[in-house]
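Following the hints, put chains B and C in place on chain A, whose structure we already have.
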Amino acid sequence: MSNTIFSGFGYWNALIWLFFFGVSAAFAFYFISHGRNDYRKGTPQDEIYYSGNAVPQDGADVSVPASAVYWGFKRACAPLYAWLDKLHSGNGADYMGYFLLTFAIISLLMLIF
Amino acid sequence: MTGNMIFTVIALLMLISLVALVTQKNLIKICIALSILGASVNFLLVALGYRSGGAVPIHYLAGDNKVMVLPTPQCLTLTAIVIALATTALMYSLIVMIYKHYGTIEIDKIRRLRG
Amino acid sequence: MNQHLPALLLALPIGGAFLAPLACSLGKKLRNIFYLTVSLLTLICAVMIFLETSAGKILVYVMGAENFALTLPSGMAFPVRIILEMDAFSGLMVLCVAIASFAGALFSVNYMDKFSGLKRFISLYFLLVLGALGMCATGDLFNFFVFVEISSIASYGLAAFWRDKPESIEASFKYMMLSQVGALLLLVAVGTLYGKYNAINIGALASMLQTGVLEKIVLAMFIAILAFKCGAFPMHAWLPDVYSEAPSGVTCLLVSVSQASFYGLMRICFTLYGTNPANVTAAWILITLGCASMFFGVMMAVIQHDVKRLMGYHSISQVGYMLLAMGVGLYTLSDAVLLAEYGFTAMKGGIFHLFNYSMFKGLLFLTAGALYYATGTRDLDKMGGLARSMPWTTVMFMIGAAAISGLPPFSGFASKWLIYESSFAIHPILPVVALLTSILTLASFVKVFQTAFLGASKISLAPVREVPVGMLCGMGLLSILILFVSFFPNIFVSGVADPSASGLIDQAGYINAVLGGVK
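Residue numbers (numbering that gives the first Met the number 0), protein chains in the order written: chain A, 0 to 112; chain B, 0 to 114; chain C, 0 to 518.
Chain A on its own, in the form it takes in the complex (with noise of 0.2 Å):
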């Protein structure tokens, strides 16, 4: 049974990519295990290196919170997501006016093209 399908411009088969996956995976697991290894349990090398200080018991004080992922994106798109959030501002009204405004673009397009 023939898994590809095909675009008109190429081909895209799964299973042969499974197969291409595996073999790149078995040269990588290959060239770790000529790697050094001297990892050994129960050492200090078990240990996490909180700079220096005292690593907290709690999780939630190690964590980075998911608003604080993707900082510095925000940051350099600042002006898209003030727009933005300006879009969102939650008030049905404006919402209101945004799909009557889409509906009048469309009709309007219509009649011009």
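You can take every hint at face value.
Below, a list of computed lysine-lysine pairs in the DSS-like style, where the Cα atoms sit at most 30 Å apart:
1. B:Lys-99 x C:Lys-113
2. C:Lys-457 x A:Lys-40
3. C:Lys-113 x C:Lys-381
4. A:Lys-85 x A:Lys-73
5. B:Lys-108 x A:Lys-73
6. B:Lys-108 x C:Lys-164
7. C:Lys-113 x C:Lys-457
8. B:Lys-28 x C:Lys-164
9. C:Lys-113 x C:Lys-27
10. C:Lys-118 x C:Lys-164
11. B:Lys-24 x B:Lys-108
12. B:Lys-108 x A:Lys-85
13. A:Lys-85 x C:Lys-164
Computed footprint of chain C on chain B, listed as stretches where at least three residues anywhere in the stretch have a Cβ under 8 Å from a Cβ of chain C:
14. 30–37
15. 40–46
16. 80–86
17. 90–102
No lab work stands behind these hints, which were simulated from the structure alone. C-beta atoms are modelled at their ideal positions from N, C-alpha and C, and glycine is treated no differently.
Relative to chain A, chains B and C alone:
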């Protein structure tokens, strides 16, 4: 002229309700605007649904007259009225609950869900 | 028996809806059995319809006639009765809705167990299923409006189901306000067509449709309303609210319900308008709406930290892919060479993505529901290290997240790939936007995975356990389907997407099924 009068009235009603929907802040007034919009749409359907000279759309009563009135638009105007009744009732009950939770029925104060 | 399947498909959920209060008074166990049995029967019925229609048959069922196949009584030229008409695309949509409703029901049995008012919940749930199935099954525009209203009213009720939460009421009210205006404009559009052509049957209208200003305005109305219903960019703001505030089993179904609106849009653009010149503008509008939805939807999703709200914004961006693909298909519809070259591939990609989207988005909303059930919060800031206590949910979340981000070899990749490989022929910027969206999708799901499932265990989450088995079954059903489609996309593309796309293109076939005098 008088033949198109009804459509002018319908267009005016629609315009009134659409303007009210965007400009009004009070939820009750928004509901009233929605009811007006619904009424004008039903008005439009009733006005359009009639074919001059159309026969009853029951096949053994139609006789030789081949111009028939479709039965479904009339039935569904009734359906639309029933739907409008149900949604209006639900909407007012939601407004009551919004008032209980937020202490206001101004639409620009009810915006916990944003961003 | 088989000829009555379309009526049975609608009779099952409506029967379920009205019998639910009775079944719920018989005790917990019987209630759950009833809930699952009706969902399962609907699924079986949908599968049977799907098998018939994907073989290329168009099912026609006339309501209220002495003969259910008599579309033109007394030798009249146009149908006067309510007609259900289902081709391959309708069959596919019915299947999507039925699978989502069964998975949602399996999930809800445990998820909603601790709440009261379940008789109303189950009633509304089946009414929502009925609305969505009816939208896909009907061959009549007025009837389409009625089913849109049934599904909308049921979803207002379900969005506000937890009525002690202010946010639920707020989301429900905003959705209701917008949706009512949309539904009334839909009624205006249908009425206008009726006023001019004296018919409301899609097939009969399609055979008569001319080009003119009125038709253009009506098409604009349909596009605006149905794009609003499936959440295209400037009209999307209600969608994350409703999706995040509804109970998760319902959100899984709501995803498919919005796909039923998408189906309506396609039915109107392809079958009703066909090669009408107004469709060229419509195609560009769909492509523009699609690109805007993809990009802005995912940009908003990246910054969210409420897990269900984040997924709600992803729904907007995934709908964008389908709008883009179908817009490309619509653009090439009147040119047979371009259609064969890339338009048909785009349509196949869009339909394939539609199925995949219903499955993986449903799965992701169910996993979000499982997180909420286990931790009592939807805020990602308060989660962490849950992979240790919820291994099954973690694995299924990974499958869903990989599929939605288009990571090979999962199903999302295959469908997105078909869209990339065809949309570039119109303009190279389109697949660039789509690829960028895909990358940002991956980024935001990496964020969810990292903050909710990985990291150190939090003391506040110590009592968290894996969710009950019913919820796992609901998620597992969708996961298995996703894996199956991922590894055997050819079965799906040649067996389902191909006949669906051909059915959409084949306007004459759809018209003939009604007007050709099927006896």
